[in-house]
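Listed in order, the protein sequences are those of chains A and B.
Residue numbering for the first sequence follows my numbering, starting at 5 and increasing by one per position.
Residue numbering for the second sequence follows my numbering, starting at 588 and increasing by one per position.
No lab work stands behind these hints: they were computed from the structure.
By construction, the Cβ of each residue, glycine as well, lies at the ideal position given by its N, Cα and C atoms.
It cannot be assumed that every hint is accurate.
[Unchecked claim] Partial list, derived from the structure: chain B residues whose beta carbon lies under 10 Å from chain A: (1) A589; (2) V591; (3) S594; (4) G603; (5) S614; (6) G615; (7) S618; (8) P630; (9) Q631; (10) P648; (11) F656; (12) P657; (13) S660; (14) A674; (15) G683.
For reference, the chains in residue letters:
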Amino acid sequence: EDQVTQSPEALRLQEGESSSLNCSYTVSGLRGLFWYRQDPGKGPEFLFTLYSAGEEKEKERLKATLTKKESFLHITAPKPEDSATYLCAVLPHTGANSKLTFGKGITLSVRP
Amino acid sequence: DAGVTQSPTHLIKTRGQQVTLRCSPISGHKSVSWYQQVLGQGPQFIFQYYEKEERGRGNFPDRFSARQFPNYSSELNVNALLLGDSALYLCASSLGPGDGYTFGSGTRLTVV
């Protein structure tokens, strides 16, 4: 069964203090790894899809990387508006359906 | 462009009652998936529909059912509600199974 583990569960940063969020996964053939941002009471907002080891994608202060076992979401010089829960999910190659398996998420708080 | 639309946004039901949640996908998207998100957890897969046919079902009891209409909108039905069904119910649409998933804002269901 596909599994996703995110760490740490919560992270508190000072504004401008860069850090990384980890997503470890096991999947029977990776079709894609997804990063989402979720604000309280809202649906997940798509950030990135990574398809193969070595791939990197960037958007503003965020950069996502992928290896065969884990993905990192690097946050450079975060601002208070980056405070949210960050979700990682994997999509397997196999199976007739295409269900995302999510981790529990990492709650990021950025203090001004 | 309208995103994924879910209704209602909030709902309070009594144990034992039945509930229907609705989802309109992004125009042109033919696949709809439903997820349940309990507070503090990542979303859990419930159903996936593509071209009006069920393509996958998660580990949920038969009290949960869904369907997709010719216009690709979808309904999720839950019978005999339990307190543990209280959660944020998310709908995600995509062009097809395995393509990028866009989530709606969700329906917050509270069972009392």
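Tested hints:
1. Restraint check, A589/B versus chain A: the minimum CB separation of about 14 Å is more than 10 Å; hint violated.
2. The closest approach between the C-beta of V591/B and any C-beta of chain A is roughly 8 Å, which is under the 10 Å cut-off, so the hint is satisfied.
3. With 10 Å as the threshold, the beta carbon of S594/B stays out of range of chain A, its nearest partner Cβ sitting at about 13 Å, so the hint is violated.
4. Checking G603/B against chain A by beta carbon gives a least distance of about 26 Å; that is not within 10 Å, so the hint is violated.
5. The interface hint given for S614/B is violated, since its Cβ lies 17 Å from the closest Cβ of chain A, which is over the 10 Å cut-off.
6. For G615/B, the interface hint is violated, since its Cβ never comes within 10 Å of a Cβ in chain A; the closest pair sits about 16 Å apart.
7. Annotation: S618/B was flagged as interfacial toward chain A, and the flag holds, the nearest CB pair being 8 Å apart, inside 10 Å.
8. With a cut of 10 Å, the hint placing P630/B at the interface with chain A holds, because the nearest CB-to-CB distance is about 5 Å.
9. Below 10 Å, beta-carbon pairs count as interface contacts, and Q631/B has one with chain A at about 8 Å; its hint therefore holds.
10. Hint status for P648/B relative to chain A: violated, with the closest Cβ pair at about 17 Å, above 10 Å.
11. Interface hint status for F656/B: violated, as the beta-carbon distance to the closest one in chain A is roughly 19 Å, over 10 Å.
12. With a cut of 10 Å, the hint placing P657/B at the interface with chain A is violated, because the nearest CB-to-CB distance is about 21 Å.
13. Checking S660/B against chain A by beta carbon gives a least distance of about 17 Å; that is not within 10 Å, so the hint is violated.
14. Residue-level restraint check for A674/B is violated (minimum Cβ-Cβ distance to chain A is 12 Å; threshold 10 Å).
15. With its C-beta approaching chain A no nearer than about 8 Å, G683/B sits inside the 10 Å limit, and its interface hint holds.
When held up to the earlier numbered hints, the structure conflicts with 1, 3, 4, 5, 6, 10, 11, 12, 13 and 14 and fits the remainder.
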